[in-house]
Structures are given as C-alpha cells and as structure tokens.
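Assemble the whole structure, with the sequences as input and the hints as a guide.
Heads up: the sequence lines are chains X and V, in that order. For what it's worth, full-length UniProt numbering labels the leading residue of the first sequence as 1, then goes sequentially. For what it's worth, full-length UniProt numbering labels the leading residue of the second sequence as 1, then goes sequentially.
Where hints are given, some of them may not hold.
[Unchecked claim] Below are the EDC-like pairs computed for lysine to aspartate or glutamate, each with C-alpha atoms no more than 16 Å apart in a straight line: (1) Lys150(V) to Asp94(V); (2) Lys355(X) to Glu187(V); (3) Lys118(V) to Glu357(X); (4) Lys112(V) to Asp346(X).
Rather than coming from a laboratory, the hints here were simulated on the basis of the structure.
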Amino acid sequence: MVGYLVVLLVVLAAAAYWLGRTRAIASVNGDVARLHSLPGQHGMFLALFAAGPALLAIVLWSLVTPGIESSIIADRFASELSGMGVPQVEAFIRDARAMAFGGLVGFADPTKEAAAALYKSVHATSTWIIWTVALVLSASGFYWAYSRIAQAYRARHVVERVLRAFLIACSVVAILTTIGIVLSLIFESLRFFQQVPFYKFLFGTHWSPQSAFTGAGAEAGAVNEDIFGMVPLFAGTLLITFIAMLVAAPIGLMAAIYLSDYASKSVRAVAKPVLEILAGIPTVVYGFFAALTVAPYFRGIGESLGLNVASESALAAGVVMGIMIIPFVSSLSDDVINAVPQSLRDGSAGLGATKSETIRKVVLPAALPGIVSAILLAVSRAIGETMIVVMAAGLAANLTANPLEAVTTVTVQIVTLLVGDQEFDSAKTLAAFALGLVLFCITLTLNIVALRVVQKYREQYD
Amino acid sequence: MNIMTEAGVEQKLSSATNAPSIKMKGEKVSVHYGEKRALFDVDLDVREHQVTALIGPSGCGKSTFLRCLNRMNDTIDIARVSGKITLDGEDVYDPKIDVVELRARVGMVFQKPNPFPKSIYENVAYGPRIHGLARTKAELDGIVESSLKKAGLFNEVKDRLLESGTGLSGGQQQRLCIARAIAVSPEVILMDEPCSALDPIATARVEELIDELRQNYTIVIVTHSMQQAARVSQRTAMFHLGYLVEEGATDKMFTNPDDKRTQDYITGRFG
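What follows is the structure in structure tokens.
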C-alpha cells in the first residue's frame with residue numbers, strides 16, 4: 001500500500017517537474033534568457049519540494065513504525081505476556097506479525113490470533129496516517145514552491161543545496177555503517193574479554209574453542225580460559241600470507257616491469273586485461289582449485305621426495321592465494337612504475353646503461369615506495385582472504401612454521417565458530433568477534449601504512 | 001639550396017683557420033617516425049673541441065638529429081634512422097657497435113634537469129659504476145669529485161654529497177646532470193636545450209661551463225636561444241622542416257648568412 005504511495009509521489013514529481021518548467025517559461029513569456037535559472041532547474045526545484053519531504057516522511061515512517069507497532073501489541077497484551085522471558089515475547093510478536101501479514105508461524109493459539117487482529121488494525125491506522133501526511137506534505141510543498149517560481153527566483157541555488165545535502169546524506173550512511181560495524185566488533189569483543197582474559201587470548205598458544213565447556217556438575221558451563229589462545233591462528237595466517245607473498249610479490253612485480261617497460265603496445269593491450277581477469281575469478285573457484293588440484297599435486301611431489309605433506313597444507317593454500325593476489329601487485333606496481341618519468345629512463349640510457357640496469361638502479365628505486373605500498377595492500381588482502389584457506393588449509397590449529405603441515409587462519413576460525421546453531425552469548429561465539437577485531441586492526445594498520453607511503457611518494461613527482 | 005657550394009666555402013674557411021679535426025660526421029641522415037619523415041638527408045660534421053649549435057624553429061628536426069648521434073632514438077619504437085653517422089670514422093649504426101659503449105663515449109644532457117632520486121654522490125657515481133670505471137671506493141670518490149669540480153658544482157655541494165639530488169635548485173640540478181655525464185669520461189657531450197628550464201643566472205652559469213668544457217670535450221647543443229648559440233658556439237647549423245638549411249662558423253652565420261631563411265630566423269622574423 002505504501003508502495004503505491006511511493007509510485008504516486010514519483011509520478012507527482014515528474015508532473016511537478018513539467019509544471020515548474022512550464023511556469024518558469026511562461027513567467028518570462030518564453031524568453032528563457034531572462035530567467036535567473038534554467039527552466040529545467042525550476043522544474044527540478046518544484047519536483048524536489050513536491051515529492052522530497054513526503055518521501056523523507058515515508059522513510060522515517062518505515063524506520064520507526066515496526067517498533068511502535070510492536071510496543072503497542074506488547075502493551076495491550078501485557079497481562080498475557082507478563083510471565084514470559086524476553087525471547088518468548090519476541091517470538092510471540094513475531095508470530096502475531098506473521099499471522100497478520102502472512103509468513104511462517106511457529107504455532108498458533110487464540111491469544112496470538114487476537115494479537116494478530118490488533119496488529120492488522122494498528123498497521124492499517126498507521127498506513128492511513130502516512131498516506132495523509134505524505135499527501136499533505138506533497139501538496140503544501142508543491143504549493144509553496146509553485147508560488148515561488150518567477151523570473152528572478154534562484155532555483156539553481158536551491159537545487160544545488162538540496163543535491164549537496166543528498167550527497168552528504170549518502171556519505172554519512174557509508175561512514176555510519178562503518179562506525180556501526182566497528183562498534184559492534186568492539187562491544188562484542190569486550191563481552192568476550194569479560195569471560196576470557198585479554199592476555200590469555202592474545203598470547204595463549206592453545207586454540208580449541210569447540211571444547212570450550214569441559215566442566216561437569218558444579219563446574220558445568222564454566223569457561224575454560226586456556227583454550228582461547230589466538231597465537232596459532234595468527235601464526236597460521238602469517239605463514240600462509242608469507243607464502244602467498246613469496247609467490248605474488250616477485251611474479252607480480254616482474255610482470256609489472258615487463259608490461260610497463262618491455263612489452264610492446266599491442267602485447268600490453270592484451271596481456272594487462274588478461275592478467276587482471278585473475279582478479280575477477282571468484283575466490284571460491286580458487287579454493288577448489290587449491291583443494292582439488294594444487295594440494296594433491298604438492299602431496300604427490302612431497303611423497304616422491306620422501307616428505308610427509310598434509311593433504312591440506314599451508315603451502316597449497318599459500319601458493320594459490322599468491323596466484324590470486326598477483327594481479328593486485330602487478331596492476332598497482334605497473335601504475336607506479338609507469339609514473340616514473342620517462343626523463344629518468346632517458347637520463348640513464350644516455351649514460352650508457354642497459355634497459356635492465358636502468359630498471360634495477362633507477363626505475364625501481366624511484367618506484368619503490370609505491371611498490372611497497374602495493375605489496376602492503378596485497379598483504380592485507382591476503383590476511384583477510386577466507387575462502388581459499390577454508391577449502392585448502394584445514395582447521396587444525398597447529399602452531400608450526402612448517403609449510404607442509406595443515407594450519408588454520410583467523411578468518412577460517414571465524415567461519416567455523418559462527419557456522420551452525422550457536423548460543424549467541426557463549427564465549428565460543430564471542431571469540432569470533434574478538435578475532436574479527438584483531439583482524440580488522442591488522443588490516444587497518446597495513447592500509448594506513450600503505451596509504452602513508454603512497455602519499456609520501458606522490459609528493460616527489462606531482 | 002646551395003649546400004654543396006656552401007660546404008666548399010666552409011672547407012676553405014676551416015682549412016684557412018687550421019681547423020680542428022672532425023669528430024662526428026653525419027652523411028645523408030634521415031629519420032622516420034612511423035610514416036612521418038622527420039629528417040631529410042642531413043650532412044653535418046661535428047668538430048673536435050668545438051661547440052656546435054643546432055638552431056631552428058620547433059619541430060625542425062634538430063633534436064632528432066642530436067638524438068641520432070648517440071642512438072637515443074633507439075628507445076623510440078617507431079623511429080627508423082637511415083644514412084651514416086660516424087664517430088672517429090666508425091659507423092655508430094654498425095650492428096657490431098655496442099650501443100652501451102657508444103653512449104659512454106657520446107654522453108647526453110637533457111632539456112629538463114633529470115637527476116635520479118638518489119644522493120648527489122650516487123647521481124654522479126651512477127655512470128662510473130655501471131661501466132666499472134672505478135676499482136676502489138677511493139677511485140670512485142676521485143671521479144665524483146673531479147666531475148663535480150669540472151661541472152662547477154663541487155663547492156656548492158661538497159658538504160651535502162649524501163643529500164638527494166632532487167633537492168638542488170634547477171640550475172644546480174642541470175649542472176649535476178652535466179657532472180653525471182662527464183663522470184663516464186665521454187668524448188662528445190650532446191645537450192638538448194640544457195638551459196630552457198633555467199633562469200637567466202643559472203643559464204649564464206651553465207653557458208660559462210659549456211665554454212670551459214670545450215677544452216676537453218666536443219659539444220653539440222640544441223638551443224632555441226639565438227643569443228645562446230652566438231655566445232657559446234663556434235659553429236652553427238640551421239634546421240628547418242627537417243632539412244639542414246645552412247651550416248657554418250657561428251660568426252658568419254649570425255652576421256652574414258647565405259640563406260634567407262637563416263637570416264629571417266636569426267632576426268626573429270619567423271620561428
């Protein structure tokens with residue numbers, strides 16, 4: 001029903017645009033040059049005021065009504081609900097809502113049916129209210145704006161201001177979302193640290209949260225603090241990232257050098273997009289490539305050499321992750337290598353340096369800050385990568401530096417902690433938030449360092 | 001065009017003044033950039049221990065000719081050079097010639113100062129290092145110091161040799177680039193409008209330097225400034241639309257040119 005209202009408002013806006021335009025032109029008898037603002041801007045001005053406030057009201061309404069409606073129900077059925085705990089009350093309201101508007105109902109009873117009926121009538125009232133409010137707003141907005149349109153009216157400025165406000169609102173949404181996510185990470189982590197001491201989490205070397213509740217009898221439900229040590233996860237992440245960078249940094253950098261300094265234009269036109277396609281392959285595809293092709297291959301090689309390679313090895317996951325990251329390194333490095341002025345290359349060549357000497361001794365040192373930041377960005381990408389390691393690296397939290405063994409990473413453990421039915425306030429589930437927070441801090445630091453390096457680098461040539 | 005007779009006159013003039021020997025010789029040098037022809041059968045000699053100025057309006061081929069002398073055009077994919085250029089009688093485009101060695105003998109200074117983003121010391125030591133000219137650190141230090149001295153920069157930078165070369169002023173940077181070119185002991189130094197990015201004082205300093213360098217090196221300089229050509233060069237070659245219009249002793253070129261285009265250009269009537 002409110003959907004129709006929105007459609008109606010959009011139609012009204014279109015009509016208002018046309019009306020505003022027409023009125024603006026009529027106000028100067030067709031001599032458009034005498035208008036302060038273009039006719040289209042007058043139209044836009046009228047459309048904004050006819051539909052804008054009403055649409056805003058609808059957005060506000062859809063944000064607050066569910067809460068108001070629920071509280072009305074809860075209030076009306078206070079006596080029936082008095083004996084229930086919070087989850088049961090929530091379930092009751094959910095069911096009533098489902099019965100009123102269609103949906104999956106847990107199990108029906110007369111009280112709920114009564115609640116559903118009330119729900120329906122309350123919702124009908126609130127819908128009626130929003131229709132009225134929206135139409136009144138629209139009409140008064142239209143009337144006010146329509147009376148303003150005149151030859152000297154500065155519709156252009158009003159439109160510009162409204163547009164600016166709209167753009168600000170969009171960026172505020174993005175920023176608020178980020179802040180919200182970070183805050184939820186922090187608060188859930190704080191709850192976790194109430195159960196498990198901070199230092200035991202950060203410096204503990206034993207990780208097996210699946211066996212968190214070992215107590216029985218009087219100790220039932222007690223949290224074993226010693227099994228939440230994140231060091232093995234962190235070590236596993238570092239090991240896999242290190243292997244990935246061993247693959248990605250040299251290959252990506254060499255590819256970038258070839259593309260920027262050696263490849264002819266036609267080769268570059270083909271090779272660069274093809275290389276960047278690597279970045280477009282879904283990581284889950286890399287994941288099964290790692291698990292089904294690369295890991296058994298390494299295992300086979302290991303066996304023929306007499307080595308014992310785990311079927312889920314850090315090596316396989318790291319190598320495949322490295323391949324995934326190559327385009328990041330190569331594309332970013334290619335940009336910074338290209339940004340080194342041709343005059344430096346000429347200067348070096350003019351002194352009798354060969355192409356490779358020029359690249360090694362002049363171009364790369366000049367591009368080094370940019371290359372470092374490219375690699376740091378790639379590292380933070382590797383640290384946050386999940387799918388490949390879930391599929392190829394295994395779940396065992398071994399604290400080892402041997403790349404042939406199975407290790408696990410922070411991201412993989414977050415996945416396993418949150419998959420399946422969980423109690424939301426158990427230490428085990430909350431541990432995922434603490435891990436997420438640590439991960440967030442690490443990648444944030446890396447990104448900040450990388451951006452700083454880039455900024456410093458930019459100062460040199462711009 | 002009367003290049004033949006002009007060359008004949010030149011021959012007489014130069015033999016009369018006990019002319020220095022010819023260091024580099026271009027015969028029928030032509031350059032194509034893809035389909036476009038940039039240089040048409042240029043015959044031009046560069047004499048030892050003299051400054052040869054190449055002048056002419058923009059796009060006339062003077063820089064192109066300069067870049068042929070040490071094969072810098074090789075770095076441009078679409079450039080094709082024909083004709084013959086010799087250095088001490090050796091064809092520089094002979095496949096047997098090592099272009100690295102050629103550029104060590106024929107150094108280059110560019111229009112815009114382009115010091116490497118390294119220390120002043122490393123900038124000058126760059127050439128000697130890649131050519132293996134110094135066996136010990138002390139020897140390298142010696143080369144750096146003498147090059148900076150020859151470029152007239154040593155006193156200004158001797159206390160900050162380890163600071164970045166990009167931190168110097170424009171004129172100092174250009175003299176650093178000249179020091180860098182000198183450090184590999186070239187026989188010829190090519191300069192492509194070396195003062196166009198400098199202020200008058202720095203320009204005067206570099207011009208003085210060019211005059212001093214003439215004692216030890218052969219210099220070819222491209223310039224847009226008539227006064228500069230007149231001040232620093234002994235011989236001048238005038239290019240126009242890819243052709244060599246006229247070539248001769250600078251005094252004569254500026255007082256009594258044979259070709260009307262030269263006269264018009266020098267007096268500022270076109271270009």
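Self-check item: Satisfaction of hint between Glu357(X) and Lys118(V), Cα-Cα up to 16 Å
Solution: Since the Cα atoms of Lys118(V) and Glu357(X) sit roughly 15 Å apart, the hinted pair holds (cutoff 16 Å).
Quiz item: Quick one, are Lys355(X) and Glu187(V) close enough, alpha carbons at most 16 Å?
Solution: 23 Å, violated
Practice problem: For the pair supplied as a hint, Lys112(V) and Asp346(X), confirm whether the alpha-carbon distance does not exceed 16 Å. | Solution: Judged against 16 Å, a Cα distance of about 11 Å means the pair holds.
Quiz item: Given the proposed pairing of Lys150(V) with Asp94(V), does the C-alpha separation stay at or below 16 Å?
Solution: Since the Cα atoms of Lys150(V) and Asp94(V) sit roughly 32 Å apart, the hinted pair is violated (cutoff 16 Å).
Against the hints set out earlier in the document, violations occur for numbers 1, 2.
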